[in-house]
Amino acid sequence: MAQNRPESPASRNTLWLALLLAVLSVAFRSWNLNWGLPDLEDEAFPMKKAFEMCGWGTGQLRLDPETAGWPSLSFYVHMVWQFLQYGVGRLTGAFADHGDFFLQQMTWTPIAVWARALGVLAAGVVTFVGARLGGRLAGAVGALAVGAVLVASPLLTTHAQLISPDILLTMAAALALWHLVQVHDEGRLRDYLLAGLWIGLGASTKYTPVLLLPVLVLAHLLGPGRAGGVNITRALGDRRLLWALLVCALAFALTSPYLLLDMQTLGRDMQYQMGHMSEGHFGHATQAPGPLYYLRDVLGPGLGWPAFLLALAGLGAAAWLRRGAWLVILAAFVVFYVGMSFLQTRFDRYLLPGLLPLALGLAGGWLVLREVLENRLNNRQAVAGAAAALVLLTALPGAWSSAGDLQRKGRPGTLQLSRDWLLDLSKGQDLFVAMELYSPRLPRAKQLELRRADPAFAHLSEEQRRRWLDLQPAHVVYLPMYTTSSNHSDFYYNARHFLDYDFVVTSSFVRGRYEADPGRYPAQNRFYQTLDRLVPAVKVFAAGSDRRGPEIRLYRIDAQTRQKLAAELPALSQEDFRRAAATVVGTHFQDFVKTVAEHAALRGDSATAATYYQPLFETLPPEQRDPYLPVYARALALAGRLEEAVPLCRRWVQLDGRDPTPHGFLGAAHQAAGRLEEARAELLACVNLARGVPGQQQLLDWAQDRLRELPVSRE
Numbered sequence: 015m016a017q018n019r020p021e022s023p024a025s026r027n028t029l030w031l032a033l034l035l036a037v038l039s040v041a042f043r044s045w046n047l048n049w050g051l052p053d054l055e056d057e058a059f060p061m062k063k064a065f066e067m068c069g070w071g072t073g074q075l076r077l078d079p080e081t082a083g084w085p086s087l088s089f090y091v092h093m094v095w096q097f098l099q100y101g102v103g104r105l106t107g108a109f110a111d112h113g114d115f116f117l118q119q120m121t122w123t124p125i126a127v128w129a130r131a132l133g134v135l136a137a138g139v140v141t142f143v144g145a146r147l148g149g150r151l152a153g154a155v156g157a158l159a160v161g162a163v164l165v166a167s168p169l170l171t172t173h174a175q176l177i178s179p180d181i182l183l184t185m186a187a188a189l190a191l192w193h194l195v196q197v198h199d200e201g202r203l204r205d206y207l208l209a210g211l212w213i214g215l216g217a218s219t220k221y222t223p224v225l226l227l228p229v230l231v232l233a234h235l236l237g238p239g240r241a242g243g244v245n246i247t248r249a250l251g252d253r254r255l256l257w258a259l260l261v262c263a264l265a266f267a268l269t270s271p272y273l274l275l276d277m278q279t280l281g282r283d284m285q286y287q288m289g290h291m292s293e294g295h296f297g298h299a300t301q302a303p304g305p306l307y308y309l310r311d312v313l314g315p316g317l318g319w320p321a322f323l324l325a326l327a328g329l330g331a332a333a334w335l336r337r338g339a340w341l342v343i344l345a346a347f348v349v350f351y352v353g354m355s356f357l358q359t360r361f362d363r364y365l366l367p368g369l370l371p372l373a374l375g376l377a378g379g380w381l382v383l384r385e386v387l388e389n390r391l392n393n394r395q396a397v398a399g400a401a402a403a404l405v406l407l408t409a410l411p412g413a414w415s416s417a418g419d420l421q422r423k424g425r426p427g428t429l430q431l432s433r434d435w436l437l438d439l440s441k442g443q444d445l446f447v448a449m450e451l452y453s454p455r456l457p458r459a460k461q462l463e464l465r466r467a468d469p470a471f472a473h474l475s476e477e478q479r480r481r482w483l484d485l486q487p488a489h490v491v492y493l494p495m496y497t498t499s500s501n502h503s504d505f506y507y508n509a510r511h512f513l514d515y516d517f518v519v520t521s522s523f524v525r526g527r528y529e530a531d532p533g534r535y536p537a538q539n540r541f542y543q544t545l546d547r548l549v550p551a552v553k554v555f556a557a558g559s560d561r562r563g564p565e566i567r568l569y570r571i572d573a574q575t576r577q578k579l580a581a582e583l584p585a586l587s588q589e590d591f592r593r594a595a596a597t598v599v600g601t602h603f604q605d606f607v608k609t610v611a612e613h614a615a616l617r618g619d620s621a622t623a624a625t626y627y628q629p630l631f632e633t634l635p636p637e638q639r640d641p642y643l644p645v646y647a648r649a650l651a652l653a654g655r656l657e658e659a660v661p662l663c664r665r666w667v668q669l670d671g672r673d674p675t676p677h678g679f680l681g682a683a684h685q686a687a688g689r690l691e692e693a694r695a696e697l698l699a700c701v702n703l704a705r706g707v708p709g710q711q712q713l714l715d716w717a718q719d720r721l722r723e724l725p726v727s728r729e
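Heads up: the sequence shown begins at 15 in this note's numbering, then just goes up one per residue.
For the record, the hints were derived by calculation from the structure and aren't laboratory data. Treat the hints with care, since some could be wrong.
Per label pair, the in silico range of CB-to-CB distance [to be verified]: (1) Gly600 / Pro303: 32 to 42 Å; (2) Ile246 / Leu34: 16 to 26 Å; (3) Arg425 / Arg253: 56 to 66 Å; (4) Leu275 / Ala472: 21 to 31 Å; (5) Gly654 / Leu690: 16 to 26 Å; (6) Val94 / Leu203: 22 to 32 Å.
In silico DSS-like links for lysine-lysine, alpha-carbon gap of 25 Å or less [unchecked claim]: (7) Lys441 / Lys553; (8) Lys423 / Lys578; (9) Lys441 / Lys62; (10) Lys553 / Lys62; (11) Lys608 / Lys63.
Ideal Cβ placement from N, Cα and C applies to all residues, glycine included.
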């Protein structure tokens, strides 16, 4: 077996070079870190989940994320990061208390910049580890080539500025790879323990780094003392390997403890993830097959084509000619490439952990090339020129692409432009907007949260509430989208739902997926066709060479188009709602009909409000209905469905005996039904409770007028 020890061992010079490249990586990727805000063009789930778990609004810290779709470590890392931001803000006077920090979600801008900075730092660690490994294996040129291409990598640049667990698991996988090489070369117990630790932490960030466990076994089998052959049984029973596996398991369990403590959630979410990975992700039907997709569409553009081709060739050549640790590095790339290629769900970020071992192929290629040049030319200047050419050829294309992307991020995208257009159009008045996902983020009106006594608002000061309510509001309902079982969204794609809205907004990031397969998604495509035919788009914001984002189409529903839609589209019956509730995701259905009902009530459309509150009331468990009982009863009464409101108003009286409103509705219902004495009793109760109460004068006058209309009691 060829000796793997590098001709130029790790030195102080390569250490400083690696640090310099890491700093350059952080500085380069910090350019336009606030891009797109206040719209978040990624899910940012770790940041949002951490924000919720920290309890900034309620003051109640919660460590259980109540999800197992991802493990928990990324949530905990972002929690610590948010507490650090809050601590710095308190010291600098940016935050007076938790309430000030809670109000960041009005725009997400300050907290999102910090969260992106965390990803940028993680990418800097990946660059540092890559340069150190390149220097260990191939000297200063190897360090420079690997580090430079990682600094330049468009794939790493993109995901460093997105708030996802993938950049954190990529950092953990990079640190694990460093120690896997150490396991092979040195075989010390601490190398085994650290390799196991970082694999466990990576798996606790997102499950996929568990693929490095076979690489750990391979590094162990190929390690020191194995040149003369190996007894597999004895080798696998080596305590160092067993300790590494134990540390890996402990690291995972201790940093994602609720996965094991809540087996019901684990089973539920793992079943979903298995379906997701086996069925494929919504919109991926047009992708190339996995192996081709990751080579052609991810790794080639993700490193830059010259770097990708040379790295792939160099990694193969070094593993074939030099064996040793190069086999470990090749295996680290192969397990991610093969493991991800055969899943039906494919994203470019899934190959991020394979980027570093692939980039190390440049160091392997340099070793082979240098040996050839030295043997044939014996010319130091020629070798130096080849080294410079290698670095420039591999780093410059990726750097050009990354710089262009970062520069474009500094310009307003389609989401920002459409958001500003909508808010300018509203001129301070409330907007009612129905939106697909991946549309502009509008500030949500908070009157309803205050009315429902959201616990977060109970902890805000009057000044903080004013800041929240003074933000130009919009009343928004989102059309749900499902990554699997995507036909579950059929019910929501009916323009009849949106007659009380000013705008319907579509996004090509969603619309394009439905339109690519009209046979599978007839309801969604009929919805788009109806909008295009009856509600022509008043504004379209399209992406271009200097503008990122999806195509955003804004359809304005005015009185004329509202009449057209109402005339053409059949009204929804309660049976339609019941059929939908039996097939779609229950919580999404309830949130949708509740929101449409609330917005209809705000617009004075009590008939529609009552129509949508009814399925909400029917699908909620009895113990969860009481908070919505007053608004449902009010909608029924104002819509003239007085008899239906009677049992709800009686329950309302039981819940709040001091509120005069249900007594007024009961009086009106009894009066309409000819139950005059019952009407008199309820209207008198309404008058007595409303008299002298601020804000109840209109109700008081109405009840007194009703009483005068009643015949004089014989008593």
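So, going through the hints one by one against the coordinates:
1. Here the CB-CB span from Gly600 to Pro303 is close to 36 Å, well matched to the stated 32 to 42 Å.
2. Evaluation of the 16 to 26 Å hint for Ile246 and Leu34 yields a failure: the beta carbon distance comes to about 43 Å.
3. Checked against the hint of 56 to 66 Å, the C-beta distance between Arg425 and Arg253 comes to roughly 58 Å, which is consistent with it.
4. At roughly 30 Å, the beta carbons of Leu275 and Ala472 sit within the given window of 21 to 31 Å.
5. A beta carbon spacing of about 19 Å between Gly654 and Leu690 agrees with the range 16 to 26 Å that was offered as a hint.
6. Against the hinted window of 22 to 32 Å, the Cβ-Cβ separation of Val94 and Leu203 comes to about 29 Å, which satisfies the hint.
7. As the CA atoms of Lys441 and Lys553 are separated by approximately 17 Å, the hinted pair is consistent with the 25 Å bound.
8. For the proposed pair Lys423 and Lys578, the alpha carbon gap of about 40 Å is over 25 Å, so the pair is violated.
9. Note on Lys441 and Lys62: the hinted pairing is violated, with a Cα-Cα distance of about 30 Å set against a maximum of 25 Å.
10. Distance restraint check for Lys553 and Lys62: the Cα-Cα separation of roughly 31 Å exceeds the 25 Å cut-off, and the hinted pair is therefore not satisfied.
11. As the CA atoms of Lys608 and Lys63 are separated by approximately 23 Å, the hinted pair is consistent with the 25 Å bound.
The earlier numbered hints that this structure contradicts are 2, 8, 9, 10.
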